[in-house]
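Numbers in my numbering are just positions in the sequence shown, counted from 1, shifted up by 6.
It is worth saying that the hints were derived from the structure and are not from the lab.
Here the structure is a predicted model, which is why all the values come from computation and not from measurement.
A hint or two may mislead.
What the hints assert, rightly or not - Straight-line distance between alpha carbons at most 35 Å, and here's what the computed DSBU-like set of lysine-lysine pairs gives:
| id | residue 1 | residue 2 |
| --- | --- | --- |
| 1 | 13 | 50 |
| 2 | 50 | 63 |
| 3 | 63 | 13 |
Said to hold, decoys possible - Label-pair distances were calculated between CB atoms; the ranges are:
| id | residue 1 | residue 2 | range |
| --- | --- | --- | --- |
| 4 | 60 | 20 | 17 to 25 Å |
| 5 | 29 | 8 | 13 to 21 Å |
| 6 | 72 | 43 | 23 to 31 Å |
| 7 | 72 | 32 | 16 to 24 Å |
| 8 | 60 | 33 | 32 to 40 Å |
| 9 | 18 | 56 | 16 to 24 Å |
| 10 | 68 | 11 | 18 to 26 Å |
| 11 | 72 | 33 | 15 to 23 Å |
| 12 | 63 | 17 | 13 to 21 Å |
| 13 | 48 | 27 | 18 to 26 Å |
| 14 | 67 | 33 | 27 to 35 Å |
| 15 | 64 | 33 | 26 to 34 Å |
A virtual CB, placed ideally from N, CA and C, is assigned to each residue, including glycine.
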Amino acid sequence: VENCLFKVPRIMFEVELEVFRDLFSLPTSEDDPSSLTEGINDDKPIRLEQVSSADFKCLVDYLYPL
Numbered sequence: 007v008e009n010c011l012f013k014v015p016r017i018m019f020e021v022e023l024e025v026f027r028d029l030f031s032l033p034t035s036e037d038d039p040s041s042l043t044e045g046i047n048d049d050k051p052i053r054l055e056q057v058s059s060a061d062f063k064c065l066v067d068y069l070y071p072l
């Protein structure tokens, strides 16, 4: 998000947000690095082009309250 890598557990994204649940359920082949799903590691981050880092931080704070 805006060239910032957020490293957060994916569980709440899967539970609460269908779009992420669908993304994380896509099949991958570890033998073919080009087929790896976005978000599987730091080299293949999920890019959210239309989201500001401030807005994404608000979402993370909502999903993972302290």
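Going down the list of hints, with the structure as the test:
Under the criterion of a C-alpha separation no larger than 35 Å, the hint pairing residue 13 with residue 50 is consistent with the structure, at around 12 Å. Between the alpha carbons of residue 50 and residue 63 the distance comes to roughly 20 Å, so the proposed pair stays at or under 35 Å and holds. Simply put, residue 63 and residue 13 have alpha-carbon atoms about 11 Å apart, close enough for the 35 Å limit, and the pair holds. For the pair residue 60 and residue 20, the beta carbons lie near 23 Å from each other, so the given range of 17 to 25 Å is met.
Hint check: residue 29 to residue 8, Cβ distance near 20 Å, so the stated range 13 to 21 Å holds. At about 29 Å, the beta-carbon gap between residue 72 and residue 43 stays in the expected band of 23 to 31 Å. Against the hinted window of 16 to 24 Å, the Cβ-Cβ separation of residue 72 and residue 32 comes to about 31 Å, which falls outside the hint. At about 34 Å, the CB distance of residue 60 to residue 33 agrees with the hint of 32 to 40 Å.
A beta carbon spacing of about 21 Å between residue 18 and residue 56 agrees with the range 16 to 24 Å that was offered as a hint. In this structure, residue 68 and residue 11 meet the distance hint of 18 to 26 Å, their C-beta atoms being roughly 20 Å apart. Against the hinted window of 15 to 23 Å, the Cβ-Cβ separation of residue 72 and residue 33 comes to about 35 Å, which falls outside the hint. At roughly 18 Å, the beta-carbon separation of residue 63 and residue 17 lies within the given 13 to 21 Å, and the hint holds.
For the pair residue 48 and residue 27, the beta carbons lie near 21 Å from each other, so the given range of 18 to 26 Å is met. For the pair residue 67 and residue 33, the beta carbons lie near 32 Å from each other, so the given range of 27 to 35 Å is met. Separated by about 32 Å at the C-beta atoms, residue 64 and residue 33 satisfy the suggested range of 26 to 34 Å.
Violated hints for the displayed structure, listed by number in ascending order: 7, 11.
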